[in-house]
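If you're matching them up, the sequences are chains A and B in order. Following my numbering, the numbering of the first sequence begins with 1 at its first residue and continues without gaps. Following my numbering, the numbering of the second sequence begins with 1 at its first residue and continues without gaps.
It is possible that part of the hints are untrue.
One-sided excerpt, in silico: chain B residues whose CB lies under 8 angstroms from chain A [claimed, not checked]:
1) 21
2) 25
3) 28
4) 30
5) 31
6) 49
7) 50
8) 52
9) 57
10) 73
11) 81
12) 82
13) 88
14) 177
15) 200
Listing some non-contacts, in silico: residues in chain A with all C-beta distances to chain B over 12 angstroms [as the list claims (entries may be wrong)]:
16) 31
17) 175
18) 178
19) 196
No lab work stands behind these hints, which were simulated from the structure alone. Glycine residues also receive a C-beta, built at the ideal position from the N, C-alpha and C atoms.
Below, each chain spelled out in residue letters.
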Amino acid sequence: MTIPMTDQKHIMLRVEEKKMESREFATLFFQYALPFAPGQFIMVWIPGIDEKPYTLSYHSDKRFAITIEAKGIFSQKAVTLDKGDLVGIRGPFGKGFDIKPDETVAVVAGGFGMAPLATLVETLNKNTTIIHGAKSKAFLLYPERFNIQRQFCTDDGSFGHKGLVTDLLEKEIASGKHFDCVYTCGPEIMMYHVFTLCEHHHIPCQVSLERYMRCGFGVCGACVCGKQVVCRDGPVFNTDALRQMRDFNTRALLKSGKAVDLTEYFSWRCKS
Amino acid sequence: MMTLQFLGKTLKNPTVLASGILGNSKDILERVYENGCGLVTMKSIGPAPRDGHKNPTVLDLGHGMINAVGLPSPGYLNMENEWKNLEQRDFPLIASVYGGSVREYQMVAEFVCSKKPDFIEINISCPNSEQHGMIFGINRQSSHDVVSAVKSVINVPLIVKLTPQAPDIADIAKACEGAGADVICAINTAGPGMVIDIESRMPVLAFKKGGLSGPMIKPIAVRCVFDIYKAVNIPIIGLGGITTGEDAIEIIMAGASLVGIGSAVRYRGIDVFQQVADEMDDWLSTHQLSLKEIKGAAHKEKK
Chain A
1 MTIPMTDQKH
11 IMLRVEEKKM
21 ESREFATLFF
31 QYALPFAPGQ
41 FIMVWIPGID
51 EKPYTLSYHS
61 DKRFAITIEA
71 KGIFSQKAVT
81 LDKGDLVGIR
91 GPFGKGFDIK
101 PDETVAVVAG
111 GFGMAPLATL
121 VETLNKNTTI
131 IHGAKSKAFL
141 LYPERFNIQR
151 QFCTDDGSFG
161 HKGLVTDLLE
171 KEIASGKHFD
181 CVYTCGPEIM
191 MYHVFTLCEH
201 HHIPCQVSLE
211 RYMRCGFGVC
221 GACVCGKQVV
231 CRDGPVFNTD
241 ALRQMRDFNT
251 RALLKSGKAV
261 DLTEYFSWRC
271 KS
Chain B
1 MMTLQFLGKT
11 LKNPTVLASG
21 ILGNSKDILE
31 RVYENGCGLV
41 TMKSIGPAPR
51 DGHKNPTVLD
61 LGHGMINAVG
71 LPSPGYLNME
81 NEWKNLEQRD
91 FPLIASVYGG
101 SVREYQMVAE
111 FVCSKKPDFI
121 EINISCPNSE
131 QHGMIFGINR
141 QSSHDVVSAV
151 KSVINVPLIV
161 KLTPQAPDIA
171 DIAKACEGAG
181 ADVICAINTA
191 GPGMVIDIES
201 RMPVLAFKKG
211 GLSGPMIKPI
221 AVRCVFDIYK
231 AVNIPIIGLG
241 GITTGEDAIE
251 IIMAGASLVG
261 IGSAVRYRGI
271 DVFQQVADEM
281 DDWLSTHQLS
291 LKEIKGAAHK
301 EKK
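Work out the full structure: start from the sequences and follow the hints.
Structure below.
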């Protein structure tokens, strides 16, 4: 029997345009037609530095973009890239969101979690509820981007409701609003609370997870989470998968493969 | 139908998860087993915590892959939770170990043995570290020394994984057999090779070079297993580019008793193990043959 071989060799692209979204976020645009479904990701290589997974934050049939939050060694370098600079791309990889354009859905974003949700939002109908939280106003990504109204919240009250995204979601549900699905991305503890709330109200949920990755296509095992391989089975997981995923909101692997709790994991990830 | 006995263990079929693929936790090993794998291998365990190399570490070249992951390991003393989880397993397990000296191989293997894996594999063949792995497996004497040192401290069967980089892999296999190895596993990745990006003029892998795997190395694997089979009397786990049932039959005809699968997870998914086992089964029943009858069948002089 013949097995169809893939061709996922990296491609080199030059930054076409750079946009500072705010003090905290930069978006790099590339002129390239990349087949992509919201929720998928690409591996981005800066020659001589490192390679990391990024979701596409903008996508059309002519160009795409990634948005970067300057945090660790790689992302601090990435935000200094500008027009004409060369990066390598592999992918897209993984399974994205199961999109239901005609249903009544909610999108719950925490901080930088808006980046993978942005291309999803652009496929959804006007009846969509968007709840967008961050630690403060400066960390609310794309505050003016969509033509669907958003409810904002911040930890410090500098913009919108002072409090958590789950406060707003719970209020929506309590007001009698029916949701066919809730999509979420943000800090894992936040997604866990969104998931728990959805479970309580029997609402299907789709979350986008993050783990340290190497290959991007399901062989190296760096990103395993319970029985799931985040880069290949995910990064988007639905309610059925989450119910059985014992590492969800509990543990993740460091680069060495050592399993640690999420506090230790995320404090390392922010620096790497 | 494919159930077989292998050194006292019952395996549901002859497929083996190659070391370095998935293998990071009990949960994922269990999933591989549930997807048809007869025998699973943990990622190689080292003497100290090790991060491995920076990315890019793994590239798909279409006809196979190149990788320099670089032997990441929590270190043998930092895996207590995983060992505890693995105590509860209901599947057969190979623990792969590596070291930077004969003493380190011995120390890690002795400790790992106390955690009761069904087999211990020593990795003397990884090309992605200057200090570990392959430097032991390209030389007859150092291969012999590692095997004999490890064999003296463990009480489960010892598998030795070899590199096609050895000038004469059959000779190394013979030295390992002489030192007490119970099984030969061949081959680890070939090469090493290199991919240079012509725009940035830089090697793409952060480690610059990396081991080759997948369909492009299958003929090397088949030749190595063929040569080893002629040289030794202990069983062989054959691997290197095995992707289909027909590939598996081919390497068994070269002399393998079990068949390792690694990169094919990329091309066919985690259930590649069940697919390969089913395809082997189909081929065997179509030809009215058994695994026993085809093992080493390409060696006419051995019949």
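For the restraint on residue 82/B, tell me whether the closest CB of chain A is nearer than 8 angstroms. It holds, given that the least Cβ distance between residue 82/B and chain A is near 7 angstroms, below 8 angstroms.
Please verify that hint: residue 73/B, Cβ, nearest Cβ of chain A, below 8 angstroms or not. Where the cut-off is 8 angstroms and the nearest Cβ of chain A is about 6 angstroms from residue 73/B, the hint holds.
Given residue 50/B was flagged as interface, is its beta-carbon under 8 angstroms from a beta-carbon of chain A? holds (6 angstroms)
Interface hint status, residue 57/B versus chain A (Cβ within 8 angstroms): holds (5 angstroms)
Interface hint outcome for residue 30/B [beta carbon to chain A under 8 angstroms]: Result: holds, 7 angstroms to nearest chain A Cβ.
Interface restraint verdict for residue 25/B against chain A (beta-carbon cut-off 8 angstroms): For residue 25/B, the interface hint holds, since the closest Cβ of chain A sits about 6 angstroms away, which is under 8 angstroms.
Given residue 28/B as an interface hint, is its Cβ closer than 8 angstroms to any Cβ of chain A? Interface hint status for residue 28/B: holds (4 angstroms vs cutoff 8 angstroms).
When you look at the beta carbon of residue 178/A, is every beta carbon of chain B farther off than 12 angstroms? holds (35 angstroms)
When the least beta-carbon distance from residue 81/B to chain A is tested against 8 angstroms, hint result: holds (6 angstroms)
Confirm or reject: residue 196/A is not an interface residue toward chain B, with every Cβ-Cβ distance exceeding 12 angstroms. holds (21 angstroms)
Verify the interface restraint on residue 21/B: the C-beta must sit less than 8 angstroms from at least one C-beta of chain A. holds (5 angstroms)
Restraint: residue 177/B near chain A, CB-CB cut 8 angstroms. Satisfied or not? Violated: closest Cβ of chain A sits about 31 angstroms from residue 177/B, beyond 8 angstroms.
Violation of the numbered hints given earlier is confined to hints 13, 14; the remaining hints are satisfied by the structure.
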